[in-house]
Structure formats: structure tokens, C-alpha cells
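Protein chains in written order, with our numbering: chain A, 57 to 501; chain B, 57 to 501.
FYI, nobody ran anything at the bench for these hints, they're computed from the structure.
Among these hints, one or two may not hold up.
One copy or two, either will do: identical chains are not told apart, so a pair holds if it fits within one copy or between any two.
Stated by the list, open to error - Straight line, CA to CA, 25 Å or less: simulated SDA-like cross-link-like pairs of lysine to any residue:
| # | residue 1 | residue 2 |
| --- | --- | --- |
| 1 | K400 | Q461 |
| 2 | K205 | A450 |
| 3 | K310 | F136 |
| 4 | K310 | A290 |
| 5 | K205 | L123 |
| 6 | K205 | A359 |
| 7 | K294 | E107 |
| 8 | K310 | G130 |
| 9 | K205 | E107 |
| 10 | K400 | R78 |
| 11 | K310 | A416 |
| 12 | K400 | P415 |
Protein chains: 2
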Amino acid sequence: MKNSELLLTDLYQLTMLQGYYRHGLSAPAAFEFFVRDLPPQRRFLVAAGLEQVVEYLLEARFTDEELRWLLEEGRFAADFVDYLAQWRFSGDVDAMPEGTVFFPQEPILRVVAPIGEAQLVETRLVNLLHFQTLIAAKAARCVLAAPGKLLVDFGLRRAHGAEAGLLAARACYLAGFAGTSTVAAAAHFDIPAYGTMAHSFIQAHDDEMEAFEHFAGANPDSVVFLIDTYDTEAAAAKVVALAPRLRRRGIAVKAVRLDSGDLADHARRVRAILDEGGLTEVRIFVSGNLDEYVLRELLARNAPIDGFGVGTRLDTSADVPYLDCAYKLVEYEGQPRRKRSEGKATWPGRKQVYRRYEPAGTFAGDQVALEGEPQAGEPLLQPVIRRGRRVAPAERLEDIRERMQEQLERLPPSLRDGSVAGEYPVSLSPGLRDLAAQIDGRLPS
Amino acid sequence: MKNSELLLTDLYQLTMLQGYYRHGLSAPAAFEFFVRDLPPQRRFLVAAGLEQVVEYLLEARFTDEELRWLLEEGRFAADFVDYLAQWRFSGDVDAMPEGTVFFPQEPILRVVAPIGEAQLVETRLVNLLHFQTLIAAKAARCVLAAPGKLLVDFGLRRAHGAEAGLLAARACYLAGFAGTSTVAAAAHFDIPAYGTMAHSFIQAHDDEMEAFEHFAGANPDSVVFLIDTYDTEAAAAKVVALAPRLRRRGIAVKAVRLDSGDLADHARRVRAILDEGGLTEVRIFVSGNLDEYVLRELLARNAPIDGFGVGTRLDTSADVPYLDCAYKLVEYEGQPRRKRSEGKATWPGRKQVYRRYEPAGTFAGDQVALEGEPQAGEPLLQPVIRRGRRVAPAERLEDIRERMQEQLERLPPSLRDGSVAGEYPVSLSPGLRDLAAQIDGRLPS
């Protein structure tokens, strides 16, 4: 069957909804999405995925086919399925704009809606926000590790499914990547597409030089030769020999790509061969098991590399493949709520995050406070949806990208540099602490 | 725009295809998918995802909208885009049936098709095979760690996007999980759906007992109470008090769920409370940061736990979030091919994998040989598609699940048990080694 996104949920969301429906619980509830803790490999995170969440909330409906399936499934009563047929998201959403740097315990999104609505959307909302936020942080680390270099997302093949590949391409672009190799992401999000050639193209020819000529003739505007199929330096010499012939046909060699061996050593030798052959304008692009750690190492070795194709470890966020994030009830029927489960207690009430800045614009510290509690600093959560309608227009990717760039520039230096330990000060407001203590006093035991 | 799956590819697949098209390279090519090396945390892998690959290959077409986009994109000539409009997969596929255990250097799938066809599908084919294979292995480790226990996939929310959640649910079910919490996977693949309740349902009531009653009344056939929202043992006592009242209404409490704290300690105390209250038939189900390592530890501590909801670390394969897999050209125009890139050399020629067994049925060792090279043992790659048509019918999930169960039972004990080191013998045939040496002698340098 073809699913709408509403069945992209956990079964318990539907059984709980049946409980709320059956017992008439429909008062407004406030849920907040936040990350509990930073893994040791991360010093900051970046909010991403809001646009996909908004589209999901505004368009979510049960299809007729799904409603039939739910009826036949056996757990759900006919009157409840009739109610589901009318289900729409009619609530409010406040969120940090995409590209905003954030820290643990800071809500980046709040939903206020009748409890059955706010609850049903939890699973997909977390699924969308978690993944792009995860990748945006990883991609930001690559950008900070290789300032001024051309970075391209190469990760689709080992991303976890198609949607992961598409959304990773988007998150990388927001973080400052030049583009992606994923054609569907280029088509869908209007992200610049980049590509070179694979070893199989070379191998399908008896002669490496002939393979280069065939590729250049067919793709005169994007000539990047992969030169490590057999012998990297020998292939670089072939490029030197071929380039004048191509030039006479009006074809310029843009770059060569290295994909194996010691990339810094090869890059140095290839740079020398190209330069001696007069190809000083031909760039060196590398790929293969890259991530921010390898980028830093290559650049620390002064490797003459102009661009990087970063794939698997980026699109899977391999060193941190998930974040400890949650979407938790903080208020129901006007009453702040709090869960006290061991090691997983949550802060009650609707919250706002206030950020203070140094005179030069660097982030100085955040405070998580109750909404409406008077605070210094810039409030980071902004209205996005009111009564089921979008009140903040969809943002252009370029605008989000610019914001994220600016945010990364305003990070305290200790958080920007992977080699220096640093923790960013996030405090909880007196109002929030008082409220939690007050609730603990009246919680059922 | 709405994409078909054919734009789910890397840009270079299209530029290379334009090269093949422009220069008339259309001879048959053989590509093989294999895993280069096992990460230290894995002793075996399990083939999964073939059905999705077959559906993709049989249905792949460019839509009119995509063709227009390709024309406007600028890199592709009009006659080439006309050629793409006719593009169909017309080749052959041989593969290991899903659920087959395999090891590094063993091809689990081979495509033989005109080179432009075999090449274009690489990215999505790898994307589909890699992910389910990754998750099937992780899920198999959970099943081996908790024999006889009820295992349920809880991972959608932190899976990498929607497709990852759906396909992870499928891979877990193949591995022996009882089902999934993901409703869309239940609807799409007909996998049993499982669910309990969330903390927010409890928190939305002023009284925990009232929350339990509301849930049970609305979902009389699937009563599982989450008991760790405030005080786990106090909530277990409430379940004991409530159960007789529910029984009079014909409602049976099936289980309680624990989601925080020391799960083994809580399970022991809760088991005692339930047993003393006469609820010996009520099962204990746990969740929260589980994976095969935690399952082994909990069961080694003799925790009285009947079932496990395994989520994030399973659906992201958190300890091994990707495999070092490849889809490589091994033959073109009848000539075996080999890439020699440093550290990434490939074995040439079309291959078959032969498996030998101990008299009791346990796997004794595999040999990777050239197709047609006489070998002892059972050949594992089987015909799936011939000339673009399916020759092996789609398999029922139940049948794959049974095969996988049997395969796991036939694993040498040293590979089944996570605590014992063991390596499985995979050898390369003399014919394969001779061919590689022969090619190295005539490779361009």
C-alpha cells in the first residue's frame, strides 16, 4: 500500500490517541523537542529540518487506504477511525530558525495543540528533526576543519536509505558545502550538483588515456579526471599530455580526483607534475573515507588539496550516529508537567531560550527560561505555525545557509576548533528551577 | 518536483553514461556487490534488501519531469536525454537469497547488463543493499544475544529518515524480531505491530491509576502499562490493585514496560510485586538504550525480562553505522577487469561463492571461485533476473525469516557467541588467483 506520512508513527501513538479520544482528553498540550546531552565528540549542534517538519504538519492526513487498513487491523474502533479521517494538525509551533546553533537542554521546537494532535506527530517529527540536526552538526565540523575549501557531499550510496541521502545533502548545503553528488537532491532542493567519474569508466576502456578523452568529449563543461585507477602519478602525466589537445578543442580540464593511498603524498606529487606541465589552474580534488578528522590532518600536513568529496562518514554521522534527543510533554491543560524517570527527568513548562552576545557578536552564554519570564538576551524560538497555518514563510536555502555561516562565525573559538576543549555556558532560569521544585512537591507518588 | 528513483543516483553516473552513449560503449559489463572487510564488531553479515533492489531495477524509468529537469540542467545533450527517456534495465541479476549469511570478499549480488545500465543503477542499488544488510546483521546479533525472548523494533524516531525506519523494521523481522512499532512498516510489509504507551499519556492524567484505566478501557486487547514515569515499584503495586477490576470487565493486563533506571534490578523487584499480587502471567518488557551488548548483560544477570524494545542503536547500527562495501566492475566485453588502486584492489571476473558444510550442517568454510570453475560445495548466488525479467519469484517474508533462522543455527559456535573470538575460513580459488595475476601482467601502466 502507499502510505501518507501519518502511518510513519509508532503504534502506541495510535493506541494512546484512541485512549484520549475515548475519554475525551483534548485539552491543549505543549511538547518540546530538545537534546539531553552532547556526545563527547560534539561541542555544539545546529538546528535543521524545520522546513520538512512544517510541510509534514501542514499536509498530514490519513488516506482512505490507510483508514481501511486501520479498521481491518483490529485494534481500532470504527468511530475512532471516523475521527481519524477528520484528523488535521490545528496547533501552534515555535522553533529556532534552521541554521541556529544550539546546546543541550535547549528546546529547538515547541508544539502546542490538542494532546492527540501533538502526540500523534511525535515520531515523524523527531525522525525529521533528529537526522538533519545530526548531519548539519557533522557537516559544520567539516566546514570548520577545511575553511575556504570546496566541500561536496558524496554520501548517498551508504546513507541509510533514500530519504537520508536527500536530507543529508540538504543539511550539508546549509552548513556551507558547495553541493552534492546526489542528483535527486539537486533536482528537489535546487542544490548545486557535482560529479567526476568512477573507476569503472576507466576500466571499461583498454586505455586510460582513451577513457579520459571519451569522458572529456562527452562532458566538455565538467572535466574532472579520476587518476588513481592504476598508477596515480602516471595518470597525472597523461593529463599533462592530454590537456593541450583538449584545449585546442575548447575543453578545459578543471580538476583531477584522487581516491586512494596517502592522499597528502599523492596530492603533493600530482601538484608538482601538473605545475611542471603548465597545468597550474587544474585543481586537486580528493575523496575516500574522509571526515573532519581526516580533513584537519590533511590540511595540517599542508597537502595541496583544493576540494574534498565527503561521503559515508558524513551521511551516517559515523562517529555519532544518533543524538540523545526527546520530544516531551511539558504542559497539559495549562498545568506544567514533568517526568521524573531515573536519568531521564525533564524540565516542566513552556520555555524560551535567551542568548547573550559579546560586544563583538560572539555567543556569550544562553539561558533556558520559562516563556514570559523576563530575561536579558535574544529569544531564539520564533512563531512558525499558528492554528495550523504557517505564519513564518518558508525560507530559501541560501538564507538559511547564510544564517548558519554567521552562527558558526559567532561561535566562541574554543568550540570552533576541534583540538581545544571548551564548554558553552547554558543556565536554567530561577523561574524554571522554582517551577520544577514546586511540581515535585505535588507529583503523585 | 516528484522524483522517480532514477535520479537517486550520483551525478557522475549520468555524466559517465553520457560518455558511454556518446562513444557507443554498450557492451555487457559485470558488476559485483561485496563487502571488503568486516569491522571488528562483526563476525558475519546477512544478505538483505534484494527484494527492494529487484523492484527498483524492474520499475526504474525517468519521468517526463525528470527528463525536462535534465535538459534544463545544462550538462546533458538533447539526444542523450532522448536516449534516457527509453532507458530500461534489460540485464541479468544473480544474488544470494535474502537471509543468507555471508563474509567479506564474497559477492552477494552480480549485475550483468550493457555498461550504461549496470552503471547507472549503482548508487541506489548500493544504498538499498547496504542498509538492510547492515541492519540484518545487527538484528541477528540481538536475536543471538536473547534467545527465546520477544524482540520488537522501536527505532523509527531516530532512524535516518523514513525509509531507514521502514527498511530497518523489515530487516529486523527477517532476523527473527517479533515485530515493529512502526505502523507504516506493519501496513506496507505485513509485519506484526507492537506498542505500549508513552510517558506523556501518564502525565496527561493527574493520576497514574486513572491513566492506566483509561488506556486499558480504550485498548482492551493490548494492555501494556508503562510503569516508570514516577516510581516504578509503586506503579507495579497499582497494576496489582487494578488488574482484578479490569479482569471483571474482561480485560487482561498483558505486560508492564520499564524504560529507565537499572532495568535488571527494577525487573526483579517488579516481578516479585506482580507475582505476590497473583499476576504471574503478566510479562515484563523493557526498553531504553538497548542493543545486543546490553541484552547479553541483562540476561547474564538473570533479569526476569520477557521482551525487549530495541530502538535507536539498532536502527542506526550505532556501533557500526556503515559497511565497507562496493559495487565494482569485474568484466567488460567478456574481458575480466581489475582495479588496482592502493588498498582498494578488486578481484576480477564473474564469481560464485561455494559453501561447504560439516556433517551436522554447520558451515565449514567458503570458497570464492570463478563462475564455472569446478568446485565442491553449495553455490550461493542464484539467478534472480534474466533479460530484465524476474525469474525467481518474490519471496514471502516468512520464508526469508525461516531461512535466516536456519542460517544462524548453522553458524559455527565461535561466530554465534559475541564473547568468543572466531574467524570464518573464506578462501579464493586457484582460478581466481591465476586470473588476477594474468591481468596484472597486461594492465596498462
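Going through the hints against the structure:
For a Cα distance limit of 25 Å, the shortest separation of K400 from Q461 qualifies neither inside one copy, at 33 Å, nor across copies, at 36 Å. Taking the shortest Cα distances, K205 and A450 never come within 25 Å of each other, neither inside one copy (29 Å) nor across copies (47 Å). Proximity of K310 to F136 under the C-alpha cut-off of 25 Å is restricted to the inter-copy arrangement: shortest distance 23 Å between copies versus 62 Å within a copy. Taking identical chains as interchangeable, the C-alpha atoms of K310 and A290 lie at most 25 Å apart only when both belong to the same chain, with a minimum of 18 Å there against 70 Å between chains.
When the C-alpha separation of K205 and L123 is checked against a cutoff of 25 Å, the pair qualifies neither within a copy, at 51 Å, nor between copies, at 32 Å. Proximity of K205 and A359 under a CA criterion of 25 Å is satisfied intra-copy only: 12 Å inside one chain copy versus 53 Å between copies. Taking the closest pair of Cα atoms, K294 and E107 never come within 25 Å of each other, the shortest separation being 47 Å inside a single copy and 43 Å across copies. With identical chains, the CA atoms of K310 and G130 are at most 25 Å apart between copies only, with a shortest distance of 17 Å across copies and 61 Å within one.
For the identical chains of this complex, K205 and E107 are neighbours neither inside a copy (28 Å) nor across copies (40 Å), given an alpha-carbon limit of 25 Å. In this assembly of identical chains, the alpha carbons of K400 and R78 never lie at most 25 Å apart, being 29 Å within a copy and 61 Å across copies at closest. In the homo-oligomer, the alpha carbons of K310 and A416 never lie at most 25 Å apart, since the shortest distance is 40 Å inside one protomer and 61 Å across protomers. Taking CA atoms no more than 25 Å apart as the test, K400 paired with P415 passes in neither setting, with 37 Å inside one copy and 52 Å between copies.
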